[in-house]
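S.K.: Protein chains in written order, with this note's numbering: chain A, 1 to 152; chain B, 153 to 427; chain C, 428 to 537.
Hints in this document: simulated from the structure, not taken from any laboratory. These figures come from a predicted structure and were not determined experimentally. Treat the hints with caution; some may be incorrect.
In silico EDC-like pairs for lysine to aspartate or glutamate, Cα to Cα no more than 20 Å straight-line [said to hold, decoys possible]:
| no. | chain 1 | residue 1 | chain 2 | residue 2 |
| --- | --- | --- | --- | --- |
| 1 | C | K509 | A | E86 |
| 2 | A | K61 | B | E188 |
| 3 | A | K33 | C | E459 |
| 4 | C | K449 | B | E188 |
Derived DEER-like restraints, expressed as beta-carbon distance ranges [claimed, not checked]:
| no. | chain 1 | residue 1 | chain 2 | residue 2 | range |
| --- | --- | --- | --- | --- | --- |
| 5 | A | K133 | C | T511 | 20 to 26 Å |
| 6 | B | E203 | C | S443 | 51 to 57 Å |
| 7 | C | E512 | B | G190 | 21 to 27 Å |
| 8 | B | E307 | A | E143 | 50 to 56 Å |
| 9 | C | G445 | A | D56 | 26 to 32 Å |
| 10 | A | E143 | B | L187 | 18 to 24 Å |
| 11 | A | M132 | B | E295 | 31 to 37 Å |
| 12 | A | D134 | C | G445 | 25 to 31 Å |
| 13 | A | D134 | B | G293 | 49 to 55 Å |
From the derived model, a few chain A residues whose C-beta atoms are all more than 12 Å from chain B [to be verified]:
| no. | residue |
| --- | --- |
| 14 | K33 |
| 15 | E43 |
| 16 | L49 |
| 17 | K53 |
| 18 | F96 |
| 19 | K122 |
| 20 | K125 |
| 21 | T136 |
| 22 | K145 |
| 23 | V148 |
Just so you know, even glycine gets a beta-carbon here, dropped at the ideal spot from N, CA and C.
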Amino acid sequence: MISRRELLKFAAVGTIALTLVPGTLGEALAAPKDMSLEEALKEHLGATLSDLKESDLIHIKAPTIAESGANVPVQISANVPVDQVEALYIFADANFNPWVTTVEFSPLNGEVFFATRIKLAKTSKVRAVLKMKDGTLLAAAKEVKVTVGGCG
Amino acid sequence: MGKRKLLLSALTGGVILGAVATAQEQVPSHLQELLELGMHPGHAYVDEGRETFNTLKGPNGKTCASCHGEDGAKLEGAYAKMPRYYTDIDRVADLDLRILSCMTKYMGFDPKDKKFRKEFDKWNGRYRVPLATFVASLSNGMEINVKLDDPQEKELYKKGEELWFMRVGARDFSCGICHTVLTGKRIRLQGLPDPVKAKVYTHWPAYRFGSDKMWTMEDRVRSCFKAYFLYEKKWDEKKDWVKKPPPYSDWVIALELYMKYAANGGVVEVPGLLR
Amino acid sequence: MARIGRAIVRVPKRISKGQVFKIQMVITHPMETGRRKDKKTGQPIPAHYIDLVEFFFNDQKITTLRTGPAISKNPYFAVKMKATESGTLIIRYKDNKGGKWEKSVKVSVS
Chain A
1 MISRRELLKF AAVGTIALTL VPGTLGEALA APKDMSLEEA LKEHLGATLS
51 DLKESDLIHI KAPTIAESGA NVPVQISANV PVDQVEALYI FADANFNPWV
101 TTVEFSPLNG EVFFATRIKL AKTSKVRAVL KMKDGTLLAA AKEVKVTVGG
151 CG
Chain B
153 MGKRKLLLSA LTGGVILGAV ATAQEQVPSH LQELLELGMH PGHAYVDEGR
203 ETFNTLKGPN GKTCASCHGE DGAKLEGAYA KMPRYYTDID RVADLDLRIL
253 SCMTKYMGFD PKDKKFRKEF DKWNGRYRVP LATFVASLSN GMEINVKLDD
303 PQEKELYKKG EELWFMRVGA RDFSCGICHT VLTGKRIRLQ GLPDPVKAKV
353 YTHWPAYRFG SDKMWTMEDR VRSCFKAYFL YEKKWDEKKD WVKKPPPYSD
403 WVIALELYMK YAANGGVVEV PGLLR
Chain C
428 MARIGRAIVR VPKRISKGQV FKIQMVITHP METGRRKDKK TGQPIPAHYI
478 DLVEFFFNDQ KITTLRTGPA ISKNPYFAVK MKATESGTLI IRYKDNKGGK
528 WEKSVKVSVS
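Input sequences plus hints: build the corresponding full structure.
M.R.: Next up, the structure:
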């Protein structure tokens, strides 16, 4: 049975130890986590792949073949009223962590539209998921092949 | 250069570049889609360059704007005429060298200060790259008009043309093998451009998305030298790699002059976006 | 590039009331994933990326972007907005290491 004195001693040493090495500990805690698409969908949407409803109302514009995985342009637009949308989620299946970004719209956006450049670790499906206010998950996907271009 | 030599070059080039394929397949639209976004990090360099131009004070208290006007008003169209001979340094200068000479002669920066030079000369160089991007953008919409009036310009141009086709280095390469003889073919997924015929210089300085950095033509030429063993001086024993030719050297400016002169008539569109 | 967190924002110069227009921006930022290793030391380069971008128009929040290291270096973002009135668009963005910035731009609607 640990005495209260010993417990307090351990706690004190522990706290001092943590303050002495904040950097390493902080970075260790922040170390990126690998996860599968299923895990990423669960974390961000609380859903499984089968919960996603394929919808042709969502349009993904991305190159079919990318010369560099570091800068893949992605433009998402959808033919649904923006005030019915809670958020847009973008996933890249083959990335170490498939979640890329989440966009929360408001009626003032006027349209469901978002564009950015993303990193793809390798050839992968890029998925756009619209979480509607009524709970439905509309989704579309486009495969982007990642290759290497040129030399130097 | 004789037809026979050209043929020999083509055959040797074809053998060396085993991965080359014909460009019959559709050229990928990755770059096109990136351009369609409308804005890219190169534009952020123009913005940074403008701010540096207007606010960076040299040791003698002057900014670039002190002489050249706020937002570079007096430098509009200057880039379209470069490289050219400058009497105050008695050399044909490209944009990078001109910025260095201006900063050292008129703003008081010390050209021998190793720390300053290391930061300035390096890849994605401090001051140099944003300023070059900004100053080049001041010629946007204008036609490139490089003249060869001065005898030094004429001589350097001839040297540039000669260097373009000169087979050198461990791989016996020349610029011309890839960029004149084998133009139109691919290396992996990259189409080989002909900077001379296609007036490629209109899009330089360019943001290269493959490395996520802004490059000036000087950076591009020097790195080509390094990658293809075109410059044999100073082999680095430790790194087992040949060093790049020194920045602002005649080798580099001669080739830039050759390519820029060929782009005469092309309209400047900077910052470019390339792989 | 010298300054991390610099942003340039583009909106159309002439916007008519009711029009849906594009807001584009580029931020200078390394967007380090935390997975790259320093070539010289072999140590992983710590993750350093923009994780939140918020758009406000006339003090009303219109869009929130939750971003991560999978966004490319020197990120580009574009959203759309319906023009109702003239005003000020303020974009506030931060990264995971405490960097916090804001950029404002005038929107004129006729």
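S.K.: Run every hint past the structure and note whether it holds.
M.R.: So, going through the hints one by one against the coordinates:
A hinted pair counts as satisfied when its Cα atoms are at most 20 Å apart, and K509/C with E86/A qualifies at roughly 17 Å. A C-alpha spacing of about 11 Å is found between K61/A and E188/B, which places the hinted pair at or below 20 Å, so the restraint holds. For the proposed pair K33/A and E459/C, the alpha carbon gap of about 14 Å is at most 20 Å, so the pair holds. For the proposed pair K449/C and E188/B, the alpha carbon gap of about 13 Å is at most 20 Å, so the pair holds.
The hinted range of 20 to 26 Å is satisfied by K133/A and T511/C, whose Cβ atoms lie roughly 22 Å apart. In this structure, E203/B and S443/C break the distance hint of 51 to 57 Å, their C-beta atoms being roughly 32 Å apart. As the Cβ distance of E512/C to G190/B is approximately 25 Å, the hint placing it in 21 to 27 Å holds. E307/B and E143/A have their C-beta atoms about 54 Å apart, which keeps the hinted 50 to 56 Å range intact.
Checked against the hint of 26 to 32 Å, the pair G445/C and D56/A passes, with Cβ atoms roughly 28 Å apart. For the pair E143/A and L187/B, the beta carbons lie near 22 Å from each other, so the given range of 18 to 24 Å is met. Taking the beta carbon of each, M132/A and E295/B are about 53 Å apart, not inside 31 to 37 Å as hinted. Distance hint check for D134/A and G445/C: the Cβ-Cβ separation is about 27 Å, which falls inside the suggested range of 25 to 31 Å.
Hint check: D134/A to G293/B, Cβ distance near 51 Å, so the stated range 49 to 55 Å holds. A cut-off of 12 Å between C-beta atoms confirms that K33/A is not in contact with chain B; the least separation is 24 Å. For E43/A, the condition that its CB be more than 12 Å from all CB atoms of chain B holds, with the nearest at approximately 28 Å. The beta carbon of L49/A is kept farther than 12 Å from every beta carbon of chain B, the shortest such distance being approximately 27 Å.
Interface exclusion of K53/A from chain B stands, the closest Cβ pair being 27 Å apart, more than 12 Å. Consistency note on F96/A: stated as away from chain B, and its beta-carbon is indeed over 12 Å from all of that chain's, at 19 Å minimum. Its beta-carbon lying about 15 Å from the closest one in chain B, K122/A satisfies the requirement of being farther than 12 Å from that chain. Chain B leaves K125/A outside its interface by the beta-carbon criterion, the shortest separation being 17 Å against a cut-off of 12 Å.
The beta carbon of T136/A sits about 29 Å from the closest Cβ of chain B, which is more than 12 Å, so the claim that it is off the interface holds. The claim that K145/A is not at the interface with chain B is violated, since a C-beta of that chain comes within 12 Å of its own (minimum 9 Å). Non-interface call for V148/A relative to chain B: violated, since the shortest CB-CB distance, roughly 5 Å, does not exceed 12 Å.
The structure fails to meet hints 6, 11, 22 and 23 from the earlier list, while all remaining hints are met.
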